[in-house]
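Peer 1: Spelled out from the first residue to the last, the chains are:
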Amino acid sequence: MDNLYGLTIGELGELLRQGEIKSVDIADSYIKRIKEVDTSVGAYLQTDFEEAMKNAENADKIIMSGGDIPPITGIPLSIKDIFLIKGKKTTCASKILNNFISPYDATVVKKLKQNNYVFLGKTNLDEFAMGSSTENSAYKVTRNPYDSKRVPGGSSGGSAASVSADLCAGSFGTDTGGSVRQPAAFCGVVGLKPTYGLISRYGIVAFSSSLDQAGVLAKDTTDAAILLGAVAGFDERDQTTRRFEVKNYADIVGRANKASIKGLRVGMPVEFFSEGLDPGVNSKILEVRELLKGLGANIVDISLPDTKYSVAAYYIIATSEASSNLERYDGIRFGYRYKQEQGTRGLGLDDLYSKSREFGFGDEVKRRIILGTFALSAGYYDAYYKKASLIRKLIIKNYKDAFEKADIIIGPTSPAPAFLIGEKTGDPLSMYLSDIYTISVNLSYLPALSMPVGFADNPTKPGGVLPIGLQIISPWLTEDRLLSVAKIIEGEIKFRENNINKKDIRYE
Amino acid sequence: MNSVHSTDSGQFESVIGLEVHSQLLTKTKMFCTCPNIFGIEPNSAVCPVCLGLPGALPVINFEGIKLAVKAALALNIDINKRSVFVRKNYFYPDLPKGYQISQYLEPVSSGGYLDIKVEGVEKRVEINRLHIEEDAGKLIHVENESYVDLNRAGTPLIEIVSEPNINSSGEAVAYLKELRNILVYLGVSDGNMEEGSFRCDANVSVRKKGDPGLGTRTEVKNVNSFKFVEKAINYEIERQIDVILDGGKVIQETRLYDSKEDLTRPMRGKEEAHDYRYFEEPDLPPLILTDKFISEIKGSITELPTAKRERYTAEYLLTEYDGGVLTQDKEIALYFEDLIEINEGRVEIKKIANWVINDLLSELKTRDKMKVRKERVIDLVKIENFLGLILEVETGNINKNTGKTVLAEMLLSGKKAGEIIKEKNLAQVSDEKGIGDIINHVLEENPKELTDLISGKDKLFGFFVGAVMKKTKGKANPKKVNEILKRSIAEKIKGCRE
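These protein sequence lines map, in sequence, to chains B and V. Position one of the first sequence corresponds to residue 7 (my numbering), numbered consecutively onward. Position one of the second sequence corresponds to residue 84 (my numbering), numbered consecutively onward.
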């Protein structure tokens with residue numbers, strides 16, 4: 007069967023179980039595709055095709071033996087290079103981890119292995135997940151599959167691009183301030199950030215511990231549900247996971263019915279539709295509103311007044327935690343260590359620290375370490391970190407109040423579609439503002455999803471288009487509701503059916 | 084330092100606050116499942132969590148929480164049902180994460196006291212807080228190389244901070260001894276100061292008597308024995324008084340005690356210029372303790388030294404001194420109590436106490452100097468064997484001095500008293516005829532001394548007792564020897580007069 011790489015996990019799974027295809031066929035299809043296309047996309051930092059084939063052969067045996075086969079068995083996936091996989095390099099796209107081989111598996115990876123997935127490779131990201139364009143990678147540029155001159159978003163840009171360019175069936179990323187949703191929007195795929203604590207963070211290199219959450223990037227909502235179901239749940243190694251009930255998201259999404267939209271209260275935050283929002287994005291989101299209205303939803307205007315402070319609060323909390331989380335990269339025990347010409351002997355301890363960190367970290371990481379260190383310093387703590395934590399509480403309250411009036415909230419994922427490579431690298435603040443709609447969700451521990459709902463014209467490429475993402479936010483632990491609503495919208499808009507041949511990548 | 088100002092120094096008083104760090108006797112480390120053990124191959128009790136590897140996360144060890152709460156309850160410190168872990172950030176090669184997980188503004192317990200007695204005077208030392216934290220690893224310096232051993236990294240610690248209301252080095256040591264004793268009694272700590280499982284930093288300041296405010300304090304570190312605590316504090320008090328009397332100002336700083344030179348020195352400025360940037364540890368939720376959890380721990384607390392001491396005077400009718408000595412060490416107290424239990428009233432309790440205090444403890448002290456662990460001495464002399472020895476003496480089978488010889492032998496071989504007495508032929512000679520014969524022999528051998536004794540030199544009586552004991556190799560029943568010797572001499576005197 008041709009072009010297996012173009013199918014969804016749901017579709018592939020069905021063919022596998024019916025015996026129409028084998029996992030090795032799928033793996034082979036993706037390997038060929040990566041070899042052919044990834045030179046222009048640049049989604050992967052490392053691949054292991056030998057292992058992929060081994061995984062696939064193993065999965066085929068398990069499928070042959072019958073019984074209850076998990077939906078991701080035999081499915082080739084990519085993983086953001088921030089998850090630790092035993093025996094493999096984890097670089098976090100940083101020079102400081104250029105030689106770090108993981109001695110253990112992240113809990114997410116452990117669960118994927120238990121499900122007999124097929125590992126294709128690890129994807130590019132902004133160094134330590136700090137960025138919104140994947141341009142902060144110390145290793146390579148990842149290009150947007152819809153326009154090679156544009157960024158894929160970030161920080162999970164490699165993951166989003168790998169899904170969008172059919173270089174894997176699905177991918178795992180992390181979302182600290184929008185790092186799954188924004189690249190999903192830029193690359194025209196589904197990106198889900200679940201409730202904080204639903205997926206274990208054990209074995210994920212920490213950026214900001216109270217905000218980091220693993221997320222999934224998928225070709226459609228069904229796949230997102232499948233991927234979430236495979237990895238969600240309590241982990242005794244992560245005390246911020248809880249004994250939440252893990253639902254069968256894929257089943258629930260499979261039963262999603264248009265009729266359920268009738269009477270659904272859909273909140274539209276006024277703050278998300280003001281200054282700075284691209285008109286093309288705005289009109290697409292309003293189309294979705296009309297669509298939902300047409301299905302019987304009650305559209306309610308809501309307000310999240312304190313979210314105007316969310317970027318400020320976020321950059322204090324995230325950088326403060328990062329300044330502490332990144333202290334372990336000191337050149338002593340692992341990773342990059344600065345060496346003098348004659349070796350390190352004679353280099354004082356302070357110099358060893360500062361030189362290793364000076365040459366090991368990139369500019370954006372250093373900028374955030376300095377910001378965070380400052381915010382936590384004696385005499386400044388109250389004015390910055392403490393105040394930011396108070397704002398965080400206010401934002402949580404805003405959402406709590408909003409969910410009294412609305413069952414879900416919709417809005418744009420990002421103020422504008424994908425920007426050009428190099429467009430914002432000189433202006434960190436404008437880069438930070440590309441996450442303005444996603445950040446408050448992390449501050450509030452809420453689940454949210456970005457899904458493609460259409461295209462904007464590409465202003466720099468005649469005839470080209472750029473995907474637009476809709477963000478849906480729902481109350482804590484209502485991923486089932488989130489995915490079901492998304493599935494219904496997806497069924498109406500038919501984005502995948504309409505995006506054929508719009509990408510800017512070479513097809514055979 | 085004997086200063087020229089010593090006549091003026093009487094107008095000052097010292098104010099001391101102590102920060103005690105004690106390792107907890109948990110099976111595993113505070114935030115991972117690595118074993119909490121001492122003295123094994125470097126870097127062999129480590130895992131991704133305590134190595135601070137990327138992606139690793141801490142998980143609270145509830146055994147550690149239990150021990151900390153137990154210690155707090157025993158020290159009359161209020162338990163905070165909600166407490167928060169924080170990160171204390173600083174760079175050092177023995178601190179793998181670059182931060183220590185500790186508690187700061189919201190500790191697990193705060194506000195308590197410990198009653199101590201110094202030279203018969205009671206004093207209540209206020210305790211500010213007891214909180215939980217993790218220990219760092221260790222650096223090993225070999226010539227020009229430094230090595231990092233992270234076996235200790237992440238092992239559980241409690242920090243107990245007193246208020247600054249200790250006023251002398253004597254009070255400080257009494258407080259530390261009592262504190263250490265309680266922690267050992269509770270099974271919270273092994274109290275070993277040399278291995279660093281019980282350590283102390285002293286905050287010392289001086290002020291003019293009657294001044295309401297506090298003087299500038301210095302923090303003295305590196306005091307790893309009670310003796311050094313005392314000396315370091317005394318040195319620091321005198322040093323500060325001298326500085327002030329010389330018209331200078333005490334600088335707030337951290338100083339290290341040098342036990343070889345017996346003085347304190349400032350740490351290099353860089354080492355103490357820390358801004359720890361405390362903030363809530365985002366990897367751990369707040370610690371919430373239920374009433375049930377706390378009351379269960381309360382119920383598990385066994386008799387503490389003060390209560391034992393009081394019971395020993397009330398129930399066993401021992402002196403306060405004896406009670407104090409016997410309860411200074413939990414192992415000894417339990418040993419003593421076991422002795423009394425199997426004794427079943429045969430020997431007077433006071434006598435048993437004397438045996439333990441005068442004989443067993445002195446033996447332990449000598450062994451201590453030889454750096455042999457006390458526990459082993461107690462293991463060597465089984466309770467039933469020790470009581471057996473006491474009974475041999477009490478029934479007159481051997482005399483007290485022979486008893487000491489038997490005890491020494493017991494410590495070597497671990498054998499029973501009876502066996503040793505038989506093997507070494509140490510049984511007391513008590514038969515009148517035998518002793519009488521020896522006495523007659525001795526009297527005949529020393530005619531001059533006998534004449535002097537008869538003529539009134541009474542102290543020569545002792546000479547003859549000694550000579551008899553020597554002849555019997557100490558085995559003669561001294562009571563009998565006295566009796567018969569008195570009788571013989573009386574007869575001789577009578578004979579002279581007639």
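No wet-lab data here; the hints were simulated from the structure. It cannot be assumed that every hint is accurate.
[Unchecked claim] Taking lysine-lysine and the DSS-like style, the derived pairs with C-alpha atoms no more than 25 Å apart in a straight line are:
hint : chain 1 : residue 1 : chain 2 : residue 2
1    : B       : K345      : V       : K171
2    : B       : K399      : V       : K310
3    : B       : K372      : V       : K206
4    : V       : K310      : V       : K206
5    : B       : K361      : V       : K221
[Stated by the list, open to error] Here are some, though not all, of the chain B residues that point toward chain V, as calculated from beta-carbon distances under 8 Å:
hint : residue
6    : I210
7    : G239
8    : F250
9    : I258
10   : G260
11   : R334
12   : D357
13   : P434
14   : S436
Ideal Cβ placement from N, Cα and C applies to all residues, glycine included.
Peer 1: For every hint, state whether the structure bears it out.
Peer 2: Hints, one by one, checked against the model:
no.: 1; hint: B:K345 <-> V:K171; result: 29 Å, violated
no.: 2; hint: B:K399 <-> V:K310; result: 52 Å, violated
no.: 3; hint: B:K372 <-> V:K206; result: 54 Å, violated
no.: 4; hint: V:K310 <-> V:K206; result: 21 Å, holds
no.: 5; hint: B:K361 <-> V:K221; result: 24 Å, holds
no.: 6; hint: I210; result: 5 Å, holds
no.: 7; hint: G239; result: 15 Å, violated
no.: 8; hint: F250; result: 14 Å, violated
no.: 9; hint: I258; result: 28 Å, violated
no.: 10; hint: G260; result: 33 Å, violated
no.: 11; hint: R334; result: 5 Å, holds
no.: 12; hint: D357; result: 12 Å, violated
no.: 13; hint: P434; result: 23 Å, violated
no.: 14; hint: S436; result: 28 Å, violated
In this structure, the hints that do not hold are numbers 1, 2, 3, 7, 8, 9, 10, 12, 13, 14, in rising order.
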